[in-house]
Amino acid sequence: MATLPGVEFYKSCGFSAQGNLDLDLTEGVKLEFVPMRKAMTELANNKRQLLRHTVATLAYRGGKAVANAADGFNSFHISDGSRTPEQILAHIGDLLDWAISIAKGKQTWHDSKPLPWNEEVARFFAALEAFDSYLASDNALNAPEEKLFQGPIADALTHVGQIAMLRRMAGTAIKGENYFKAEIEVGRIGPEQSSRRTEFD
6 MATLPGVEFY
16 KSCGFSAQGN
26 LDLDLTEGVK
36 LEFVPMRKAM
46 TELANNKRQL
56 LRHTVATLAY
66 RGGKAVANAA
76 DGFNSFHISD
86 GSRTPEQILA
96 HIGDLLDWAI
106 SIAKGKQTWH
116 DSKPLPWNEE
126 VARFFAALEA
136 FDSYLASDNA
146 LNAPEEKLFQ
156 GPIADALTHV
166 GQIAMLRRMA
176 GTAIKGENYF
186 KAEIEVGRIG
196 PEQSSRRTEF
206 D
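Numbers in the numbering used here are just positions in the sequence shown, counted from 1, shifted up by 5.
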């Protein structure tokens, strides 16, 4: 019977038929290699956790951008044809709905008509809750985490920055902050965020 190249070396290194490697080293040190399937599962879990942290970051930054906006800010625009904050926030809601549909393997896109500002804010957090809940579940993710980040989530973060910029241009700027020190936690995706912030005057 022919032997595939490297098989004898593989066996001589102590690998079992299941792909485990258990070696006793000097001075009582023990080196254990885990099966590839287990390693890949852990990697997938880590990716999903990082995506959930990104969603929590979106909730933190987005919540700050929309909180305590002045009356009339929802319809503020800088030029003809530019989006108003209300239209941008509606688009963010559409992006999050899109993300959920991708994750479920039923990708759909819908351009929604903007709701009144407070309703769009509520929709923003509801969509974040729905997406994060799906990520936190054992349900299969029907797209790579990287694709979900580079598409709808990165786009949503960009548009949150636009709202923050419009706040400044409208004369109701939000305070700058050291976001590295922000108390952002996986799963905390509602409007109630930590009040302990390192903000700049």
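If you are wondering where the hints come from, they were derived from the structure by calculation, not from laboratory data. Check the hints yourself; a few may be wrong.
Straight-line Cα separation of at most 30 Å, DSS-like style, residue types lysine-lysine; simulated pairs [stated by the list, open to error]:
1) K118 - K52
2) K152 - K109
3) K118 - K152
4) K152 - K111
5) K52 - K152
6) K152 - K186
Ranges of calculated distance between the beta carbons of each label pair, as one might list FRET restraints [unchecked claim]:
7) D76 - N147: 27 to 35 Å
8) A75 - P149: 22 to 30 Å
9) G110 - R173: 17 to 25 Å
10) A141 - K111: 34 to 42 Å
11) N73 - S117: 19 to 27 Å
12) E188 - S142: 20 to 28 Å
13) E190 - A75: 15 to 23 Å
14) A175 - D206: 36 to 44 Å
15) K152 - E190: 22 to 30 Å
16) T113 - N73: 28 to 36 Å
17) D76 - Q112: 36 to 44 Å
18) K109 - I83: 34 to 42 Å
If you're wondering where the values come from, they're calculated on a predicted model, not measured in any experiment. Glycine included, each C-beta is placed from N, C-alpha and C at the ideal position.
Comparing the hints with the structure gives:
A C-alpha spacing of about 33 Å is found between K118 and K52, which places the hinted pair above 30 Å, so the restraint is violated. Distance restraint check for K152 and K109: the Cα-Cα separation of roughly 14 Å lies within the 30 Å cut-off, and the hinted pair is therefore satisfied. This hinted pair checks out: K118 and K152 have alpha carbons roughly 26 Å apart, not beyond 30 Å. For the hint pairing K152 with K111, the CA-to-CA distance comes to about 15 Å; that is within 30 Å, so the pair holds.
Proposed proximity of K52 and K152 is supported: the alpha carbons are some 11 Å apart, at most 30 Å. Taking the CA atoms of K152 and K186, the gap is near 27 Å; set against the 30 Å cutoff, the hint holds. Separated by about 42 Å at the C-beta atoms, D76 and N147 break the suggested range of 27 to 35 Å. For the hinted restraint 22 to 30 Å between A75 and P149, the CB-CB distance of approximately 41 Å leaves it violated.
Distance hint check: the CB atoms of G110 and R173 are about 40 Å apart, inconsistent with the given range 17 to 25 Å. Against the hinted window of 34 to 42 Å, the Cβ-Cβ separation of A141 and K111 comes to about 19 Å, which falls outside the hint. Remark: the range hint 19 to 27 Å for N73 to S117 is upheld by a beta-carbon distance near 24 Å. In this structure, E188 and S142 meet the distance hint of 20 to 28 Å, their C-beta atoms being roughly 25 Å apart.
The hint said 15 to 23 Å for the Cβ distance between E190 and A75, and at roughly 29 Å that hint is violated. At roughly 20 Å, the beta-carbon separation of A175 and D206 lies outside the given 36 to 44 Å, and the hint is violated. Range check, K152 to E190: about 25 Å between beta-carbon atoms, so the 22 to 30 Å window is met. The beta-carbon spacing between T113 and N73, approximately 33 Å, falls within the hinted interval of 28 to 36 Å.
The supplied range of 36 to 44 Å is met by D76 and Q112, whose beta-carbon atoms lie about 38 Å from each other. A C-beta distance of roughly 37 Å is found between K109 and I83, which places it inside the suggested range of 34 to 42 Å.
Hint violations for this structure: numbers 1, 7, 8, 9, 10, 13, 14, all remaining hints satisfied.
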